[in-house]
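Novice: Please construct the entire structure, taking both the sequences and the accompanying hints into account.
2 protein chains.
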Amino acid sequence: MKSTCVRRLLVCVALSVLGCGISDDATARDEGMWLLTAPPRAMLKERYGFDPSPAWLDHVQRSAVRISAGGSGSIVSPDGLVMTNHHVGSEVLSQLSTKARDLMETGFYARTRAEELKCPDLELDVLWEIKDVTSEVNAGVKEGMSPADAGEVRQRAIAEIARHAQDESKLKCEVVTLYQGARYHLYCYRRYTDVRLVFAPEQAIAYFGGDTDNFEFPRFNLDVCFFRIYEDGLPIQAEHSLTWSGGSREGDLALVLGHPGSTQRLYTNDHLKFMRYTMIPARLRQLWRAEVKWQEFMGRSAEDQRLGNEDYLGVTNSRKAFTGQLAGLLDPAVMGAKASAESRLRDAVRANPEWNKRWGDGWDVISKAEHERLAWFDRWFVFERGLRSDLIGYARDIVRHAEETSKPNGERLREFRESALASLYTRLYSPAPMHDALEIERIAGALSFMAENLGGDDPAVLTALAGKSPKARAEELVLGTSLKDPAARRKLVEGGSAAVAESKDPMIVFWKAMDKESRALRSRYEREVEAAEQAGYAKIAAAKFAVEGENTYPDATFSLRLSFGAIKGYAENGRDIPPYTDFAGMYERYADRKGQVGFDLPERWLRGKGRLDLTTPFNFVCGADIIGGNSGSPVVNTKGEVIGLIFDGNIHSLVGAFQYDGTQNRAVAVDSRAIIEALRKLYDAGPLADELQGKGR
Amino acid sequence: MKSTCVRRLLVCVALSVLGCGISDDATARDEGMWLLTAPPRAMLKERYGFDPSPAWLDHVQRSAVRISAGGSGSIVSPDGLVMTNHHVGSEVLSQLSTKARDLMETGFYARTRAEELKCPDLELDVLWEIKDVTSEVNAGVKEGMSPADAGEVRQRAIAEIARHAQDESKLKCEVVTLYQGARYHLYCYRRYTDVRLVFAPEQAIAYFGGDTDNFEFPRFNLDVCFFRIYEDGLPIQAEHSLTWSGGSREGDLALVLGHPGSTQRLYTNDHLKFMRYTMIPARLRQLWRAEVKWQEFMGRSAEDQRLGNEDYLGVTNSRKAFTGQLAGLLDPAVMGAKASAESRLRDAVRANPEWNKRWGDGWDVISKAEHERLAWFDRWFVFERGLRSDLIGYARDIVRHAEETSKPNGERLREFRESALASLYTRLYSPAPMHDALEIERIAGALSFMAENLGGDDPAVLTALAGKSPKARAEELVLGTSLKDPAARRKLVEGGSAAVAESKDPMIVFWKAMDKESRALRSRYEREVEAAEQAGYAKIAAAKFAVEGENTYPDATFSLRLSFGAIKGYAENGRDIPPYTDFAGMYERYADRKGQVGFDLPERWLRGKGRLDLTTPFNFVCGADIIGGNSGSPVVNTKGEVIGLIFDGNIHSLVGAFQYDGTQNRAVAVDSRAIIEALRKLYDAGPLADELQGKGR
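So the sequences go chain by chain: G and A.
Numbering of the first sequence is given in the numbering used here, commencing with residue 5 and proceeding in unit increments.
Numbering of the second sequence is given in the numbering used here, commencing with residue 5 and proceeding in unit increments.
To be clear, the hints were calculated from the coordinates, so they are not data collected in a lab.
One should not assume that every hint holds.
No copy labels: a pair is met if it fits in one copy or bridges any two.
[Claimed, not checked] Simulated pairs of lysine-lysine, DSS-like, Cα-Cα distance not exceeding 25 Å:
| hint | residue 1 | residue 2 |
| --- | --- | --- |
| 1 | Lys361 | Lys103 |
| 2 | Lys277 | Lys475 |
| 3 | Lys472 | Lys516 |
| 4 | Lys277 | Lys472 |
| 5 | Lys685 | Lys49 |
| 6 | Lys103 | Lys277 |
| 7 | Lys146 | Lys598 |
| 8 | Lys146 | Lys361 |
| 9 | Lys475 | Lys342 |
| 10 | Lys520 | Lys495 |
Specialist: So this is what it looks like as structure tokens:
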């Protein structure tokens, strides 16, 4: 649980998603985050001569991994080795670090299985079964129901469908809302919680170039780390795992399997305006504030720098991503294109009386909901997006767990449904260490943010601060609570309502005082916004299917998708950017920017330069359509072999939240050859390279 | 002209000021920013046995310098040498730097007069004459006038008083509003505009510890630079200049002559709440945003780092200052004390029917004004605090100059009155170089800020952006304007209304489209807020004089004040902080924090360590009551000899904007002995040290 969860391509799941139409423009040839149950067969065949077989699709699906920290990964050896990004694993690396042993600084390599380090609360999910449950979800919805009531009926159905599936299959089951409510799929996962760290390089090479080069290309990052999945104390013997390739070439088709978090491509213009003028500015204001606060915190000492690093990186990454999104929404070209597309679709609907009757008001339903929420947006934002920290999260989950689990499954908040409880307990009972200084900073920041936004005479602020300054109140809460101890959390959870009611723990008392308004705002959001969006977008999606055909993909939902595109460069400011970089280029950039923040290199890379083949391809770009959440996605060739590892998108990919433009939008990956070269020549990690390359088995 | 003008103790002048009562508490013994015409004689005599003679006061007054960049200084040799802080001179250092010669990086020392570098637009003012003009200012105010009308009458009188005085004396004359309108003083200055750079150290030693140590103590900063005043091509022969001391000791009385910018100690509780919940949060949101933007800008290249440095430092400094202020206002102890003091005064007024009739509604007048401005605060903030850059400032001044100078003197906006025009032209015709990249960044930032805050459908935003994204629009304006050339600016100013009306220059066209609303908001502020504050605070001040006596000092107004206090340490978190640091301590801190941002040392200081007497006192603290604007103030002993140079306040001084607490509030100064030691041993600047110490004359 982190107070901010967006990191480069590692993104929180948003709930608003819808199907996206494919532009027929040549610049959009590689568009789409496709369902594995409906891959873009015709496009792949026509453009790249590739026709994935059901077995191919099944194999890559069951080799792909969703990572609870918010990213993607893949199983890359029969012994359960999992590859993802360093920046996806970095929260774990921080948890496993101490003042004396900073894995972010030094990197890590387990030479033997015994040395592999158990991660406190990492959960890996592998998508095993998929089923369309649209009709079951909608079965209880009656003609004439309000969107809010229909939404409630659907949520009850969803909770029960997931529980039944889970009871039957013993898998972790979720119902995924696709095309913003036009389709519902049941996804059942194999769930793994004994995950161990095998290898990570130093942060300095994983994130070489820092914030300056983040979302840019050319790049030179070894943004990789490896974990291993265990069950019953032994590495799993994976039924499916990806094999390693001999490398790729310019023009090759690159296929990306991953979990894009959230896109808003089918948002209506009014909804985009809400993003443009309300939501993104609010997020940016919060992020600018947080970025400055974390820098101040980190400046205090070397240890504070280490402690604050993970929150800080998350904040800077989100800030850069939202800055790019806002720039896109402030660009008249982007908004103009969205407006024309919407007009065309609405005209087509209006021209058909039957369509108009069924779907014509879809856009207005959205507009009304986004407009009306403005009246309570600030308050909602403070409670639901501002009031966050590890301890606040624990207190909230414990207080709500007592109340929610006493209700019928279908009436509970999502995260307390039967199908979600196992993951909740994994988070709640995490043995990861907590640091007072860090939590005081987070909570003081959250309380100040609340006071700055609601005003200090606000009853909720008065209650939250209890007559103290934000800093003093945060110290009191953090130093006084027992919730830093997982055993104390478990005791409260298992004690149920009575234990929570009696508890004098200051964090529990604090949250009990906040819970009523927090719940009310969440409930209002779910009933008045989310349900209205689902009602409206279901109509718009139906209209779109009717007008443009069903050959389309849904907006991203942090569920498994297939993206594709050729390995190719692009033009920027009149310059041609080639698709590959190499080690030599990294040393040049190092020499050029030496001494500037983010451009240090680890000693190992400075001393070891002579051992490396400097012509080794290091990073590359391809046209695959990805977004935050795709971090750690494997890039495979048509044989399903690993040719790279997605870790970023270029600056032109940020507007991809709303619109894909294949002329410049590129996914950025670590080349598989760079991983092997660095493991063998610099990290003395020959056995790991052998395992990846399938040698010595 | 900078888009942000707060740097450490270098502060924009705010207009709302009022007299401050002295607490009788022992912790407040050294409180006060006293008028030189009403020094705290009794206190100085009783506590420190010091009774400044009229000649002493006259001498230090005429040795003190006000610096147009927003700080303080002093004349420290008969040849017109002026001492101030490096961070006060840094804007000039940036203007005099190029890609090839970065004075911030290398420092500067003119070994001969011929090598002294002329500053493009620095203006130094020396306060020469003072006169109370309260009755003249109020002469035209009639019983029963509204605050807004009375304010207008006073403004007309002020304009004419200043013009007459200026015509007669040939000095630069200003009417200063003291005790927020209870008193008006006419200040006439000797004005100098041929100012040349003599010496500056490297920024790395002037600002050692960076943002981390800013507003902290212990400190180790050589935050000093020297200029020289010229007239008719020769150094002035100063009638008054400060001599150098042999040093100070713990317990000595330190006297500070400087120009504190703005305090809000006598603000009513409702006015403080406006600061707490509206003004400071708005400023902080703007600053957090700007800090992140400038970091991104500076990360792009070494040259962008150099260009953005000055804006960036200004922003980080303001952010830290406002953070401290907000923390104070969020502290129930501070607000509780303010509330009790206000209750006591109001009770005393209510208890006396005559007083109650005359002054009883003073507090309500303020409350009403601060409350009613909330309705238009956001817009006012965007136009009057957000829409800033060098080019925007030029365009605004040129457009307004044409209109304003055609009006009678008494009806003009302040900065276009006859007495203010010379300073305006100095700024407007500055030959300082302009950098496209910097201005594009500033203007794109200002336009985005506007769009984020007003919404993109706002007519003003639509006009400002002209259908382009903020970045594209900024590029168009900056690349297309001729205003980067001082000759072009002069031609437009001299062409008057006709030239402005005909101009197709994009910046002029842009501002002509913005001017109407900007003027309306400013006028609304002046009539509805400023005039109401003056009316209300004049009553409160009169009540305060009646209840508590007149032995008090007015809130700071960026005019000359005397502060005082013993050189003494303080306790913090249970530790005793001694009052002096030394060079040895600096090298220890360097070793401790090596490699962290802000803790580099110049090569000169690393190589030259062996030559220094490491026991030389480096920085010290004293209890003198100072605030932003005091940067560069000389610290003198009772003989009027320089013992130090104010450059900062500690973290406990930040709440000093609202309340002085002598237990921990400390002013931070460079020790005079450190300046001499560094000049002689490290900078090979013996002649400059000789001039300071009066040797060889």
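Novice: Now look at each hint and say whether the structure bears it out.
Specialist: Each hint tested on the structure:
Taking the closest pair of Cα atoms, lysine 361 and lysine 103 never come within 25 Å of each other, the shortest separation being 65 Å inside a single copy and 66 Å across copies. In the homo-oligomer, the alpha carbons of lysine 277 and lysine 475 lie at most 25 Å apart only across protomers (19 Å), although the nearest pairing inside one protomer, at 36 Å, exceeds that limit. Taking the closest pair of Cα atoms, lysine 472 and lysine 516 come within 25 Å of each other only inside a single copy of the chain (18 Å); across copies the shortest separation is 49 Å, beyond that limit. Taking identical chains as interchangeable, the C-alpha atoms of lysine 277 and lysine 472 lie at most 25 Å apart only when they sit on different chains, with a minimum of 16 Å there against 39 Å within one chain.
For the homomeric pair lysine 685 and lysine 49, neither the shortest alpha-carbon distance inside one copy (39 Å) nor that between copies (77 Å) is at most 25 Å. Taking the shortest Cα distances, lysine 103 and lysine 277 never come within 25 Å of each other, neither inside one copy (46 Å) nor across copies (42 Å). Taking the shortest alpha-carbon separations for lysine 146 and lysine 598, neither the intra-copy value of 66 Å nor the inter-copy value of 69 Å comes in at or below 25 Å. When the C-alpha separation of lysine 146 and lysine 361 is checked against a cutoff of 25 Å, the pair qualifies only within one copy, where the shortest distance is 17 Å, while the shortest distance between copies is 70 Å.
When the C-alpha separation of lysine 475 and lysine 342 is checked against a cutoff of 25 Å, the pair qualifies only between copies, where the shortest distance is 20 Å, while the shortest distance within a copy is 45 Å. Taking identical chains as interchangeable, the C-alpha atoms of lysine 520 and lysine 495 lie at most 25 Å apart only when both belong to the same chain, with a minimum of 23 Å there against 65 Å between chains.
In the structure shown, a violation is registered for the earlier hints numbered 1, 5, 6 and 7, in ascending order.
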